[in-house]
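Colleague: Those protein sequence lines, which keep their order, are chains A, B, C, D and E. To convert, note that position 23 of the first sequence is 23 in my numbering; the numbers rise steadily by one, no gaps. To convert, note that position 377 of the second sequence is 377 in my numbering; the numbers rise steadily by one, no gaps. To convert, note that position 118 of the third sequence is 118 in my numbering; the numbers rise steadily by one, no gaps. To convert, note that position 19 of the fourth sequence is 19 in my numbering; the numbers rise steadily by one, no gaps. To convert, note that position 26 of the fifth sequence is 26 in my numbering; the numbers rise steadily by one, no gaps.
These are calculated hints, taken from the structure and not from any lab test. Quick caveat, the model's predicted, so the values are computed rather than measured. For each residue, glycine too, the CB sits at the ideal point set by N, CA and C. Treat each hint with caution, since some may be false.
[Stated by the list, open to error] Dumping the calculated PhoX-like pairs for lysine-lysine here, alpha-carbon to alpha-carbon at most 25 Å: (1) A:Lys98 with E:Lys86; (2) B:Lys313 with C:Lys394; (3) B:Lys313 with C:Lys557; (4) B:Lys463 with B:Lys313.
[Said to hold, decoys possible] Part of the chain B face toward chain D, derived, beta carbon under 8 Å: (5) Ser75; (6) Ile76; (7) Tyr80; (8) Val142; (9) Glu145; (10) Val149; (11) Gly156; (12) Lys163; (13) Tyr165; (14) Ile168; (15) Leu172; (16) Val179; (17) Ile195.
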Amino acid sequence: MDAMLHISTLHYLVLGAALFLLGVIGVLTRRNVVIILMSIELILNAVNLNLVAFSRYWQGLHGPGALHGQVFAIFIITDAAAEAAVGLGILIAFFRNKETVNVDEVNLLKW
Amino acid sequence: MYNHILSIILFTPLVGALLLLFVPKENKEAIRWIANIFALGGFLISLPLVPWFWDKRFEAGFKFIEGSANNWIPSIGAGYVIGIDGISFLLIMLTTLLGWISILSSWSAIENRVKEYYIWFLVLQTGMLGVFMALDFFLFFVFWEAMLVPMYLLIGIWGGPRKLYAAIKFFLYTLAGSVLMLLGILFLYFHHHAISQVYTFSIPELYKTAPQIYSDYGPHAATLLFLSFFFAFAIKVPMFPFHTWLPDAHVEAPTAGSVILAGVLLKMGTYGFIRFSLPFFPNVLAHGRVRFWVMTLSVIAIIYGALVSLMQKDMKKLVAYSSVSHLGFCTLGIFALTPLGLSGSVLQQINHGISTGALFLIVGILYERRHTREIAEYGGISNVMPVYATVTMIMFLSSMGLPLLNGFVGEFSILQGTFMEKEIAGHPGWFWTAWAVPGVVLAAAYLLWLYQRVFFGTVTNPKNEKLHDLTPREMATFVPLIIMAFWIGLYPKPFFQILEQPVKETVMLARPDYREPGAVNAGLKPAAATPQAAVDNHVAMAAEAAKAASTPTQGTN
Amino acid sequence: MIFLNHIYLIPLLPAFGAAVMFFFGRRLQKSTVSAVCVGMVALAFIMACGSVMQYTQWADAHDHQPYQKILYTWLGSDTGHLTYSTHDGTSAPLQADAGFLLDPLSSIWLLFVTGVGMLIHIYSIGYMGHEGGYYRFFGYLNLFMFSMLTLILANNYVLMFVGWEGVGLCSYLLIGFYFHKKSASDAANKAFITNRIGDAGFILGMFFIAWMAGSLRFVDVNRFAHENASALMGSPIIMAATLLLFVGACGKSAQLPLYVWLPDAMEGPTPVSALIHAATMVTAGVYMVARSNALFLLAPKSMMVVAIVGALTAIFAASIGLVQNDIKRVLAYSTVSQLGYMFLALGVGAFTAGVFHVFTHAFFKALLFLGAGSVIHAMSGEQDMRNMGALSDKIPVTFRTMLVGTLAIAGIPGLAGFFSKDEILWKAWNYHWALWVIGFATALMTSFYMFRLIYLTFWSPSRVTSHEVEHHIHESPKSMTGPLVVLAFFSIAAGYLNWPSNRFEKFLEPVFANGEVATHAAEGASRGLELALMGLSVVVAFGGWYLASLFYRYAEKGYREPIDAAAPAVYTTLLNKYYVDEGYDYVVTGRRKLGDIRLGVLGAGEASAWIDSNLIDGAVNGAGWITRLMARISSWWDKWIIDGVGVNGPAILARMISYPTRLLEWGLVQWYALVMTAGLVGFVFYYVYH
Amino acid sequence: MGFTWTDYLLALPIVLLTLFALGILLIDLMLEPEKKWVNPATAVIGVLFSATGVYKVQMWLEAANSPGVPGMMRTMVMDHYSIYFFYLFLAATVIAILMSARYLEIENENHGEYYALMLLAVAGMMCMACGTDIVLLFIGLELMAISTYVLVGFLRRDRRSNEAALKYLLLGAFSSGIFAYGLSLLYGLTGTTSLQGIQYQLYQNVMPGPYKPVAIIALITTMTGLLFKIAAIPFHQWAPDAYEGAPTSITGFMSVAVKAAAWAMLLRVLISGLMPMRPIWAPMLVFVSIATMTGANFAALTQTNTKRLLAYSSIAHVGYMLLGLVAGTATTLSPDGIKGILIYLLVYTFMNLGAFGVITALRHRNVIGDELDDLNGLYSRAPVEAVLMLVFMLSLAGIPPLAGFWGKYFIFLSLIGTQHYALAALGVLYSVFGLYYYLKIANAMFMAAPAKGEERLPVSLSMRAAIALAGIATLYIGLLPNSFIQMVNWSLGLANNPNVARLVR
Amino acid sequence: MNPVATPFFFYLLSGTMIIGGILVITRKNAVHSAMALITALLAQAGLYLMLYAPFVAGVQIILYAGGIMVLFLFVIMLINLERTLKERQFNQQWLVGIVAAAALGGLFIAVYTKGRNLFPASEHLTYVESQNTQGVANLLFDPHVGMYMFAFEIASLLLLVAIIGAVVMAKKRI
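My request is simple: use the sequences and hints to build the entire structure.
Modeller: Below you can see the structure in the form of structure tokens.
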């Protein structure tokens, strides 16, 4: 019980893994491309959670200036933004041609 | 010229190919002329090598060496080093001769994409010559592989109905063998470095270290390494279970391609055996079952190839399978590991190049006229093409090993060389010879039966009635081959002399325990006492000289 | 010594003739062709006579050594370094000379080969005068003369083998001279291939000799045999060598079981049958065995085999000859039978007798064949004796000369055959009585079938079928009858070479010096017995004549063979030559199927071809049969396989894997992600819990 | 330590590329439609400028006699390795730009953005090659990746292009999510983002301690991202689809430049960062490599679409290269494997771009030109291109004396040298296997008859230049590889290695 | 400042996050998913605060929830929702997908929780709010310790590419 109550980095790690899991499930199972993109955001958020938690952990060891994780998280957010923008742009281009956002109708290229 | 003769021979065809690049492809006559001039030139330019080499024939080692180790890719220790010994000399002469003949024979056979055809053919010629000249293993490998490409295209573009299948099969099959060889080469390369601290692909250098693999890595590893080379060469030869690419390739290839394929390409495999497999792995050959299996496969090839060709309905396929049988003799002679067997084998390779080359030309001539190779389509051709029938008969006889023609000399030496060994892989030499001899009988059977079906009888197929006999150009392709066939058959001594030294060296490398021929038992061997001069001037031998030659033999009986 | 020094010219002269025919023959007149070819052989004959005469002088001065003339080293590097090791470990060079040897044995062959050869060349001018391919025929004949003379004059086994194969080739070419006839080309193939089987034995035997003696020169081999006689007596290697050589001889000289080609060889023109298949080539085996007598004497078991095979062949062929109707076939079987006699002689150690029989046989058998040729010529190509009869008046010269030949072969005293055959029978008796019995029975049969031939052809009532042929019957031209007369003369005279003074035997003595010793001892002891046996054989010869006259003197059209009447089964068997050809076709060659199964070489060939295209290539191509099996198992696969088979897919198997591999890639992006995830899970699981 | 003037110099190539990319974006706005050729010209000039920048850096290094200079607070390093890859990227980009000009005109998508994105992607690649900090590496990777997503989907009216872009984006984002997750764990385990720090910490603290399982997860997730980018099985599946759907010129660009960048990063990360975990990743790479060679070769066997076929072929090549990595890190004495990868990437750049160049050239009027049948009888329609294509195919198959042989040669050399005989045998046999599908292309070009009414293929000047460049390079490297081998030695700093020094002589 | 890291808030926020995440991947309507995602992101921002990362938390709210999600919502509006709503929401391999993902997540969690003492929480971290932002800024911009300066510049290129990409892709005519 102590472990439950004493919140350590590990808790965040597990939470991050859970979020990652949800993201992966979303990517693997949803048909709607928009929601898949959102799931990817979930994955990236899991990463961010890890990074910030680790940043907190290493601050404890290396002093308050050890903010690398947080900075990394900001970069990941940037990347998430860029990916989302481009992804949605491509989706729109696709939607224009195919009139669908279902990912299993993206099946022209195969074998 | 003298110092660079090999390079000149090697690159003459390539120069021709490059020159052809600049000839417009519509100008077919010019292309043909240029190609033929370069092919003939390639042959003529190799002729000075004959007297030059003749003077050096008893010298040890490689001759006419050009280039030095590491002058090509110093980073890895590969160099452009070429040089020849008697074995490669003969094969080079065969290549230049057959190259010219096949190009000449294509004059009217190839009508479309003429320019490409000749370019590829000349490139092929350079590739083949390179294989026989290379003294650097890396260079050897490059030529070995590179020459597959033009051959592949020759089969694939100008071939018969199943050309794609045959071309790809040819390419893949042979490549599959040779890539394993590359690994073997690399192993030798590292091994050499481990011993001498030098990275090199130089063949004479590797001769020194490669045999130690057996002691350094144990019999198992050495045998595997032997096999990595063996497969490459066995596929090329081709030996018995690896031969199936051959009939397909031959049947589909254009005539000239078949001539070169049978005449020269197959020799690369046997050449590889002689040049590499024997000197590199003396211990593998001395111990273990490898030699037994190789000999067995050779014997199987001899009989099996003959039996299969007996049943063929396609002339070209028949000749192709006969090659399997003939090459079986060659490998038998090689792995007998005796000077006699080995020189017989090389001679037989030359013979095979001449006679089988001619056989493919023969088939090609009929094909060009009738566009079929089905034996059943013919019959009674003697009536309409008597000269052709005569030429065919001569070449058939040469192929089946009739004495006074070339085939006999090679087969006889091989069989004798094999026979005389007390023990080859656990069996006496006569055991192997006895298995090989039926091949001689079967050779007569399939060739004569073919002759009967094609040439004898009356002309039953009206399409055959109007066939015209050999043209002068076609005749010109046969004349050199017939001359060679008779030369080797009647007076093979120069060939034996050329081969004597390299063969001895190879056997010494392959069998370090091999006893240098000791004092010849004088009482029993009067032949050795025959005065050299009397023997050399055989033609203008005067009555007195004859007496001198015969007297020593008379006194003793 | 001009002839002796240029002895190599003897074979080269006809070779030159052949070469001329080869290059220019088509453009030459028939008369030129005849002049060149016959001229060459005639020159060779003159050279031969001169050489032999000079040799006899030379031999007297040289202790009866063989005379050798070595032109150059043919096989071998001639430096002495290209060596092999012999059985005792000493090394010997590969060496075969282009060298020629003349000794009494080769002298005899040389004389009758060139002599008979010349006569037959002359005969052919007339016989072949109307045929196409005249120059070709003479070219082949000259080539044959070259090969035969090489065979005879060779100073070593290898060069002998050259001639050996060469005569085989010429025999092939000449049997197949009428190549548009299927039967002729079949017979030619049969002859060559059967001979090749023998040649294979020859080669192996030769190797054994080289392995033993370190040389293949006759002088060396002989010396080796003499010097080591005691050590080598009964040696298995010698036995192997001699038996293998004998296999070669069986092929060339048509002995059991390789005799089958000779009767078929009668498809060739008749002069060919006379020259090659009666007088000269078929005796090459005898020559070779005689030449190797020193070795054979060291292997008594081999000698016994030779004797038995010879005896069996003799009676076997003779029995077939009893019922044949084709005039040339009768003579062919007679030849086989007589060759059997010769081997019987060799086998029992009577080399001189054997050689003597060869010598006499050459004349009378050539005579008989040429006579038969003349008959056939007269009958416009008819060869069946059932359609002949009463020709004795119409072609008297032929008739008379053939009668001489028949008397000679039947062993009627006073003619050549009597002397030689009697000698053989006597030697056989000394060896073993059973062999004599066989030989004796054969003599009876010989006499019977030969006189049967004479009766049916010349003396019985005419059974000629068409009037046109009847009308056309005429005596042959001079060029044909001339040789007949000459040969008839020798058929009588040849016998007197060895009687009463044994000149022939003495002449050959240097060659067979050792061999004859054993038998000479027995000879003196039982002179009386010899005479008695001789008397018996004379009785038998006349007996055969009598029987033949009994049955065939009045043979009308549709007559019945006496053996048929007595024992139809035997008759059928004999008429079908004991069904040996059929048996060979079923079992050895596989030209006929036994039920649905093809045996023999062709069967093996079919099986190999099947294996090649199905198993070996199949394995290469990704196991075609696996593919078919799979196709049957799962129709679902069919789609993919058929697609693959469409190109006869190199590596159909690979294609079969290819499609499922591609199936992984079925176009759904989430599937891709799933595969990635699965890979991830797999790796993590493996490494965390490994 | 700190930001100094050398950092400007070190960033010069990237800065120049960026400037030209922005310049193109601006100039494009002012260009008449018929003057669009200015865009590729500008891009080529930009690349040349950037190359000059690289050269300047190289000269500076030579002058300083230094094997490499860290820059930007040690987040990047300009060493010979980086410079080698910079040149490689730039060469590939030049050829790709030359290929694109005419192609985009035909596709009617001739926009400046295309070239700008290309240059920016190269900037990202350069970051990947020279970065020594996982943040910079990640951002560089994303810069390259996102540019490529857009480039793949650049033919907006083409459904296949859309689809390829969408698939590539979804999978790419997914994989970069996983990759980032791995990086976050690496950071968490070591507390640093620099590769050197990570290596040090892994050696000192992580591998010996209880953190190893987490480190394994970190490694494998990181590897997933890296292997995804180089398209190794089982993370390869985006490649065939993306390659097939993308504009052909971009397919070529992706197959060489993007792949080379991914390799540069993979080598950098594995060798200087994750080397302590080699016992874990080496067997994994062996598995991946075998799976890659097997899967890709088999899948390529029956392809009928040339681009897709070449996609699988490029996956198969990754399999061979991975073997080189396994062997190249087996002992410190045998750097042949890494050398093999580097030279492989070099020759692969030319031969594969050349091949895609020929396929790009097939696009004319309303023929898409990426089916195998479109190559039928190419010899009669464009002999020079056909022969060069043959050269490229044979080179890809590794037939000496063509460039492609050398890549394979060093890989197999290293495998033999490190006693990986079975892997070597497998590798060479698969390379024979591979020849089959390359020959299919050769067969189509030389042995099949062209479809009716096919006349000579119009090939633009720039395309000719691109193909010729690739062809000459393929032949030249094949015949005289020595200087290139030495270049690779130089890039790996091997010239000082006594083992190698003896060789170089 | 220490007591912020109480278990209560942690479980509350993480519970919100997980539920939000589950809703994201289960909702039919993409708008609902987006809303759930925003909720989750906001909860995550709370967690950042608990981890003494106010700057990141701010960026999370402004950029993520405010920026990216609005983008998502725009796109959802742009594309036809009606049809999508009536269709299956999960693909055919959903079960396998869940199993695979669960296996992966399970493995991760198993590894993390197996070593309980990994990453022990460091106590008593003195925290000044301005220090965080300044520290982040130092790492990004300081000429002496700003090691991510170059990466930051490259990130600007990344955003530039994103803009170009989005424009190129989404605009009908360029």
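Colleague: Now tell me, hint by hint, if it's right for this structure.
Modeller: Against the structure, the hints:
1. Distance check on the hinted pair: A:Lys98 and E:Lys86 sit about 18 Å apart at the alpha-carbon level, within 25 Å; holds.
2. For the hint linking B:Lys313 to C:Lys394, the alpha-carbon distance of about 52 Å lies beyond 25 Å, and the restraint is violated.
3. Among the hinted pairs, B:Lys313 with C:Lys557 is inconsistent with the structure: their alpha-carbon atoms are about 47 Å apart, more than 25 Å.
4. For the hint linking B:Lys463 to B:Lys313, the alpha-carbon distance of about 19 Å falls within 25 Å, and the restraint holds.
5. Here the hint on B:Ser75 is kept, as its CB sits about 4 Å from the closest CB of chain D, short of 8 Å.
6. Because the smallest distance between the Cβ of B:Ile76 and any Cβ of chain D comes to about 7 Å, under 8 Å, the interface hint for this residue holds.
7. Contact between B:Tyr80 and chain D, as hinted, is not supported at the beta carbon level, the nearest pair being about 11 Å apart and thus beyond 8 Å.
8. Taken as an interface hint, B:Val142 checks out: its beta carbon lies about 4 Å from the nearest beta carbon of chain D, inside 8 Å.
9. Interface hint status for B:Glu145: upheld, as the beta-carbon distance to the closest one in chain D is roughly 5 Å, under 8 Å.
10. Interface restraint check for B:Val149: the shortest CB-CB distance to chain D comes to about 6 Å, inside 8 Å, so the restraint holds.
11. For B:Gly156, the shortest C-beta to C-beta distance to chain D is roughly 5 Å, which falls under 8 Å, so the interface hint holds.
12. Checking B:Lys163 against chain D: minimum C-beta separation of about 7 Å stays under 8 Å; hint holds.
13. The beta carbon of B:Tyr165 is not positioned within 8 Å of any beta carbon in chain D (closest approach about 10 Å), and the interface hint is therefore violated.
14. Hint on B:Ile168 holds. Least Cβ distance to chain D is approximately 5 Å, under the 8 Å limit.
15. A hinted interface residue such as B:Leu172 counts as satisfied when its beta carbon comes closer than 8 Å to some beta carbon of chain D; here the least separation is about 6 Å, so the hint holds.
16. A hinted interface residue such as B:Val179 counts as satisfied when its beta carbon comes closer than 8 Å to some beta carbon of chain D; here the least separation is about 4 Å, so the hint holds.
17. At a threshold of 8 Å, the smallest CB-CB gap from B:Ile195 to chain D is about 15 Å, leaving the interface hint violated.
Of the numbered hints stated above, those contradicted by the structure are hints 2, 3, 7, 13 and 17, listed in ascending order.
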